[in-house]
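Engineer: Below, each chain spelled out in residue letters.
Number of protein chains: 2
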Amino acid sequence: MSKLRLNITITLDGYVAGPNQSLSNPLGEGGERMHLWMYPLKAFGEIQGNPDGGKTGTDDDVLREAWFSDVGAYIMGRNMFGGGPGPWKGDEWKGWWGDNPPYHQPVFVLTHHAREPVPMEGGTTFFFVTDGIGSALRQAREAAGAKDILVMGGANVAQQYIAAGLLDEISLHVAPMFLGAGERLFDNLGGADPNLEQVRVVQGEGAAHLKYAVATRRS
Amino acid sequence: MSKLRLNITITLDGYVAGPNQSLSNPLGEGGERMHLWMYPLKAFGEIQGNPDGGKTGTDDDVLREAWFSDVGAYIMGRNMFGGGPGPWKGDEWKGWWGDNPPYHQPVFVLTHHAREPVPMEGGTTFFFVTDGIGSALRQAREAAGAKDILVMGGANVAQQYIAAGLLDEISLHVAPMFLGAGERLFDNLGGADPNLEQVRVVQGEGAAHLKYAVATRRS
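Residue numbers (our numbering), protein chains in the order written: chain A, 1 to 219; chain B, 1001 to 1219.
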């Protein structure tokens, strides 16, 4: 059965982005640092189109599984796709990832501003969804078939899916640092009180990896 | 070298107590639930004066180590000691733990209201400290000698020690639940940005156990 999974890096104090996010600083002030566990990894190199070299080990295994295994479609917020706020300026911005993005599957971008789909090299196509998280999920399910759908973030999109009781699995990579300000993942949940089952806890070299199944909803 | 350690249960969304804490509900609304991982354990039975029975396993090992190993003194906030806010009503309130509290060492209670020390059975003595966290730490160090000092909480006391750069180790027991409101452990850190080193990540039966060394302070 196809699952809706969240996969995201979070600081020990609960932030997924720093304050004052901008086009030149998409993760906000201090936000780059929380991803340091990921950058040296072989799987991250592959994601970035540099398949040679990089560290293997537990972090690498976890990232590879979280990002790639059984994923048939991705969902992300406009801010994560980038290109600045407001109406699209033509077809200029095609994401942060170059001509051959690391998704190789349909990616559904939640936005308030309509735009035609953007096919990329390597099987990635960006679809722009203006009618909310339910619609994005329906389209992603259709595209993914029996495979899972991965919610990439940011915080706002993740919160909407949690609050609506639609997530099946939460995978957190806890970076050993405080950010002190910014966007907290687990805010604005609208009183959602899902039944979280601890599935797996793994000590990586640079982060703690926590996986939870969202078993039933008591909201 | 004696360490100042924090040992506390936290929800996945970062809370250590629910909203509306009161004398009849000291952990706040929903706050009891986060400690469910602990109640069935053999070590918790021993803490409560019921040494027979209880579950052994990873959670039990972790709790036993966190609470007992090499601890020569404890520090806690007034709210955790209990007895309601404001001036003490005589010598009536002696904590939640009966005549023989599970500490068996000096316990320094941070409060705004002076009170004579309260010796209990089994080696526990409650000392009341009215001149702040630095004074409590000095007194606890003197009492503990070469052993460690354990900060038991609540959030406010833990935050003060983190903000002041005085903590050496943070042990979190992450309960698989959202609380959605209440006291967050990692708020009010005053911009503290310590260098956290991930020491150990352990999958327990009912909680995820994360331990960090506070290596240097960059605040």
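Hints should not be assumed to be uniformly reliable.
[To be verified] Computed footprint of chain A on chain B; a stretch qualifies when at least three of its residues, placed anywhere within it, have a C-beta under 8 Å from a C-beta of chain A:
(1) 1008 to 1015
(2) 1103 to 1112
(3) 1173 to 1182
Calculated from the structure, these hints are not laboratory results.
What you are looking at is a predicted structure, and each value in this text was computed from that prediction instead of being measured.
A virtual CB, placed ideally from N, CA and C, is assigned to each residue, including glycine.
Engineer: Which of the stated hints cannot be reconciled with the structure, identified by number in ascending sequence?
Structural biologist: 2
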